[in-house]
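Heads up: the protein sequence lines correspond to chains V and Y, in order. Okay, so the first sequence: first residue is 1 according to our numbering, each after it adds one. Okay, so the second sequence: first residue is 1 according to our numbering, each after it adds one.
Honestly, the hints are just simulated from the structure, not real lab data. One or more hints might be untrue.
To be verified - In silico negatives: residues of chain Y with every beta carbon more than 10 Å from chain V:
id, residue
1, Pro154
2, Asp233
3, Asp278
Claimed, not checked - Chain Y stretches covered by chain V per the calculated footprint, using a threshold of three residues with CB under 8 Å from any CB of chain V:
id, stretch
4, 37-48
5, 55-68
6, 132-146
7, 167-173
Unchecked claim - Derived DEER-like restraints, expressed as beta-carbon distance ranges:
id, chain 1, residue 1, chain 2, residue 2, range
8, V, Asp321, Y, Pro173, 39 to 49 Å
9, V, Gly30, Y, Asp247, 17 to 27 Å
10, V, Ala342, Y, Val78, 57 to 67 Å
11, Y, Ala329, V, Glu23, 25 to 35 Å
12, Y, Leu213, V, Val78, 41 to 51 Å
13, Y, Gly357, V, Asp123, 23 to 33 Å
14, V, Asp272, Y, Ala119, 45 to 55 Å
Quick caveat, the model's predicted, so the values are computed rather than measured. Ideal Cβ positions, reconstructed from N, Cα and C, are used throughout, including at glycine.
Number of protein chains: 2
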Amino acid sequence: MSQYEKAGVDYSVLDRVKRAAVERAAATAGLLGASGGREFTASRGATAYVFEVGGLTLATVTEGLGTKSVIAEQYLQVSGESRFADLAVDAVASIVNDVVSVGANPLVVTAYFATGDAAWYNDERKSLELLAGWQRACEQSGATWGGGESPALPGLLTGAGIELGGNALALVPPGRRPVLGNEVRPGDRIVVLPSSGLHTNGASLARRVADGLSEGLLTPLPSGRALGAALLDPSVLYPAFVRALLDSPVEPHFLNPITGHGLLKMMRPAADVRYVLDVLPDVPEVLGFLASSSGMSPAEAYATFNMGFGYVAVVAAADADRTVDIARAAGYEAFVAGEVVAGDKSVSVPSLGIAYGGEELRIS
Amino acid sequence: MSQYEKAGVDYSVLDRVKRAAVERAAATAGLLGASGGREFTASRGATAYVFEVGGLTLATVTEGLGTKSVIAEQYLQVSGESRFADLAVDAVASIVNDVVSVGANPLVVTAYFATGDAAWYNDERKSLELLAGWQRACEQSGATWGGGESPALPGLLTGAGIELGGNALALVPPGRRPVLGNEVRPGDRIVVLPSSGLHTNGASLARRVADGLSEGLLTPLPSGRALGAALLDPSVLYPAFVRALLDSPVEPHFLNPITGHGLLKMMRPAADVRYVLDVLPDVPEVLGFLASSSGMSPAEAYATFNMGFGYVAVVAAADADRTVDIARAAGYEAFVAGEVVAGDKSVSVPSLGIAYGGEELRIS
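Bound conformation, chain V alone:
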């Protein structure tokens, strides 16, 4: 059993039911025809569902932030510092970073905020910061906040935190095809935009690590920052990068945030190719701490956390430098991290002795 499974997140069970869900969902594809639409079948299992209707190519994704709000609640209690605006940014990031990865610009974000008791909102500091962060993240993503739902779910939620999720609808720019990974080929370059830390994956495991430390979320990292403060650094929002890329002549072959399953996510495209990473981003301090505290091997760490890989764009070799320039002009760090090579599907980091085979990516 992996460290992640011990924290209550067993992907092997989830994935089995997910596969059944994917089959049942795929069986409904024809219903779009009643409105003159059709799906891009290759988008099933991609980061967002893509379909065409009335001459537009649209993408939709529904996502959630996981259990990170529990950390925000606990950290507020022990430090007095509220990070609920950052938490909202993180939740929006979990949604929009996915939807843009099919090569689309977000149009509308809707919110789903669930609490165990509506009294959660009585703390106006938390509530209003949450709303401010959500608005700011929508603005930075170029998406209109189109409302949402905020149910109180007594008995279903523990009350240990607020559950944040939502949906984004995005538009593939006219004249562009959706980016579904089917043009990845040997010789392509892998451009990486670094992460800011934990991002939107691994909160349950991070809580487990913190629970085992005598100072908990106040445990100082080597830099002196508290563990809890670093865990709550919000995800980078990548829509402005994708928007700039889609405004340029570059035709990305694959776009993806690195969240659950870490580097394994890079193997989503259908192509049977090797992704070889020669230049690594700096490991965010908090991720190095979590990996070593939970006794992970490098292979386990890079298949669980993002370890500094925030976002990847696979582009033709001739477009690699331009992609880096576009990212930097849009305010992101970026560098060419590796290359796509002929061979059986794998992701490898030779400098760390890591190699994952295609069979290790079981998720859809």
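Following the hints, put chain Y in place on chain V, whose structure we already have.
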């Protein structure tokens, strides 16, 4: 404090934060312009958010089923009967019945299933029935199931049930305007399609009632059916009615499911008019039982449960009979229940001595 508030659902607190959320969300309206789109501002606060892009008028809604799954889990334990397919139908109904109410046909539904532990899916009977019900409800709604997300949220969810929610994207038929209630006027008729029972609102209160009964969910109703069995009858799916209506020459002035806040929901249109209901649907046995068990007055009952009002369509007087015929041809019961009359905004049921003023509808 109302019976509903005692069950942990305090709308007065929720509504205050909702208003702040509505203001912040509205402030982002201009961002659609970057993609050449614009919103229908009147749809803010309506059942779905409506916007125009690339010549299409689209609607999106994110919704959830509330705590009804807790009843399904408990009922399975005490009776051995699994109602998880019905539960999924209910969840889809909570989403699509909203999105169609702006006069749109659903295109894509995405799912959000959250559990306290992925082990929930180990019970294949529950899991696979849930997936089958979700697929069936999408098919009956004419919507493609475009995937979704199924997070395990240890610490955030209690494990007492599975949380079901999701999003629907819908298309206003070309040549049609969205139905936002701004054409409601005196003389219009109110057409009602009956409910099948509790529908998607009031589960927390129903659980509270059941908890206070010595036989709990097995308590027999007057008909002999068990309370739990009746509570789990799924909502009626109304998309086929709306689709038939939009395919006809009828121009509906207002469409709405009757869920939270019961008949108060009928006052959503901006018009300052009176909604007078002279013919009532039969009260579903389970709702009569819940209302009397929790000591509600008729006024409280009709402002909490649907009391048989599943769906309302406000249409011009000349279209009333045709609307009823269209509903019946599509397989629904339907009848003309009342009339819109000049006067200060209110909903009244003269035969029961009920009258609600416009100020009682505080929700957005």
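Evaluated hints:
1. Pro154: violated (3 Å)
2. Asp233: Non-interface label on Y/Asp233 holds, nearest chain V Cβ at 20 Å vs cutoff 10 Å.
3. Asp278: The claim holds: Y/Asp278 sits with its nearest Cβ about 33 Å from chain V, beyond 10 Å.
4. 37-48: holds (count 4)
5. 55-68: holds (count 10)
6. 132-146: Result for this restraint: holds, n = 10.
7. 167-173: holds (count 3)
8. V/Asp321 <-> Y/Pro173: 39 to 49 Å: Holds - the Cβ-Cβ distance for V/Asp321 and Y/Pro173, about 48 Å, lies within 39 to 49 Å.
9. V/Gly30 <-> Y/Asp247: 17 to 27 Å: Check passed, 19 Å falls within 17 to 27 Å.
10. V/Ala342 <-> Y/Val78: 57 to 67 Å: holds (60 Å)
11. Y/Ala329 <-> V/Glu23: 25 to 35 Å: holds (34 Å)
12. Y/Leu213 <-> V/Val78: 41 to 51 Å: holds (42 Å)
13. Y/Gly357 <-> V/Asp123: 23 to 33 Å: holds (32 Å)
14. V/Asp272 <-> Y/Ala119: 45 to 55 Å: With a Cβ separation near 34 Å, V/Asp272 and Y/Ala119 fall outside 45 to 55 Å, so the hint is violated.
Hints 1 and 14 from the list above are not met by this structure, while the remaining hints are.
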